[in-house]
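Protein chains: 2
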Amino acid sequence: MTQRIDEIGFGGKRLKQDKNAFCYGIDAVLLADFCEAGDGEKILDLCTGNGVIPVILSALSRPSEIVGIDFQEAAVLLAEENAALNGLDNLRFICADIAEDKGLPLDASFDLVSCNPPYFEKGRGLVSSASAKLVARHETTASLEDFVVAAAAALKNGGRFCMVHRPSRLADIMETVRKHGLEPKRLRMVAPYIKEAPNILLIECIKGAGKELKILPELVVRTEDGQFTEEIKRIYAG
Amino acid sequence: MTQRIDEIGFGGKRLKQDKNAFCYGIDAVLLADFCEAGDGEKILDLCTGNGVIPVILSALSRPSEIVGIDFQEAAVLLAEENAALNGLDNLRFICADIAEDKGLPLDASFDLVSCNPPYFEKGRGLVSSASAKLVARHETTASLEDFVVAAAAALKNGGRFCMVHRPSRLADIMETVRKHGLEPKRLRMVAPYIKEAPNILLIECIKGAGKELKILPELVVRTEDGQFTEEIKRIYAG
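Here the protein sequences line up with chains A and B, keeping their order. In this text, residue positions in the first sequence follow our numbering: the first is 1, and each later residue adds one. In this text, residue positions in the second sequence follow our numbering: the first is 1, and each later residue adds one.
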């Protein structure tokens, strides 16, 4: 048995994870916080994995509905268990490859699309051995552009696409979102320690918006003695 | 008389400036440092103004030649005076609108192009009253794309384009440089104080390079008590 149930905070939320697959990390938590989801919003979560982002978003606001999509069937089964485990009946999960499946609800009706995608391009970066981890970390199936195309199709005009990614992909991200009508509006770099290079970026793009990017103050994860900074503690507290 | 001569450091360099025009600021100093110019390099400085960047670059390395281009004749006359004032005989200045002039030496022969361009797009941002300041701060003549096109034409393959700009233009910059074959390789955000949003960005693009952007640790200008940080002191010390 490789599954376990973790208490993840956010008002007593619990998450069943498979330790042989991809367990959620700080990226998911930072993305959920960065989304600044509003009550009543209809949300699509791409690359939803075990559903951690829908579960946290449900704690941070009162979405009308969250649809999660993932390519891996085992992840979607876990995500459905996690919705039930937390008594969330407005979460719905779909197992599909967004690069191929034509029956998805990408119908310009969503207020927000969140996405914690694979970070590495096909054929680049280290390849981890377990196949579930491989798909979660690498663009083995859909590419960055596939996720952006899906987000652009799913969002209503003025809707927001929020993504967490690696800083090294920033130029790819900027070029790809603009190509598909999503304008970068908010960007935040996340550094592991002060004076270190950022290793995570958070970006919000708005469908059909005018140009003008706001760059937020850098978010630093840990103080020099290795403790979480006050802002990270606030984010984890929900 | 609105001109004055300032001691600007960098091994005793002096700079004649017109206080009614655009005087050099920290942006120029940070850009010159960020360029990491090497000995023997052939350098083009776009929007050279009174020549502050060629003067500082001459202190930081031993370029074979620096060509500065500016649209304003008064600025070019000052730049020529500044080259003479510092005994720099490998600096040459051209008064031209890079968006129009076809006789410029944009001949794929430069190792490095530096550029401290107007920050605001035409019709956007505050318009300052004095006309020399207006041209220096706004894209009244050439646009961001004009500077990028000129840089791409001037650089040899593998040559570097280093620019200082506003963070709000990051998406425009990324899209425009890639469109013209310049790949973003190094990016540094500069924040006035710790925990504040960055207000300056430094970017290096390499002509014909492969994808992979390196984001450097954020550069903070002042400590909480308003003093320059150690890194800024090091940069100003040359």
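Think of the hints as simulated: they come from the structure by calculation, not from any bench. Some clues are possibly wrong.
Note that the list lumps identical chains together, so a pair holds whenever it fits in one copy or between two copies.
In silico SDA-like links for lysine to any residue, alpha-carbon gap of 20 angstroms or less [to be verified]:
(1) K211 / S143
(2) K179 / S168
(3) K211 / Y119
(4) K42 / D6
(5) K156 / C95
(6) K195 / E231
(7) K13 / L85
Hints, one by one, checked against the model:
Only between protomers do K211 and S143 lie at most 20 angstroms apart by alpha-carbon distance; the minimum there is 15 angstroms, versus 25 angstroms within a single protomer. Proximity of K179 and S168 under a CA criterion of 20 angstroms is satisfied in both settings, with 19 angstroms inside one chain copy and 18 angstroms between copies. In this assembly of identical chains, K211 and Y119 lie within 20 angstroms of each other by CA distance solely across copies; the values are 14 angstroms between and 26 angstroms within a copy. Neither within a single protomer nor between protomers do K42 and D6 lie at most 20 angstroms apart by alpha-carbon distance, with minima of 27 angstroms and 59 angstroms respectively.
Taking the shortest Cα distances, K156 and C95 never come within 20 angstroms of each other, neither inside one copy (23 angstroms) nor across copies (49 angstroms). In this assembly of identical chains, the alpha carbons of K195 and E231 lie at most 20 angstroms apart whether taken from the same copy (17 angstroms) or from different copies (11 angstroms). When the C-alpha separation of K13 and L85 is checked against a cutoff of 20 angstroms, the pair qualifies only within one copy, where the shortest distance is 9 angstroms, while the shortest distance between copies is 69 angstroms.
Figure legend: structure checked against the earlier numbered hints; hints not met, in rising order: 4, 5.
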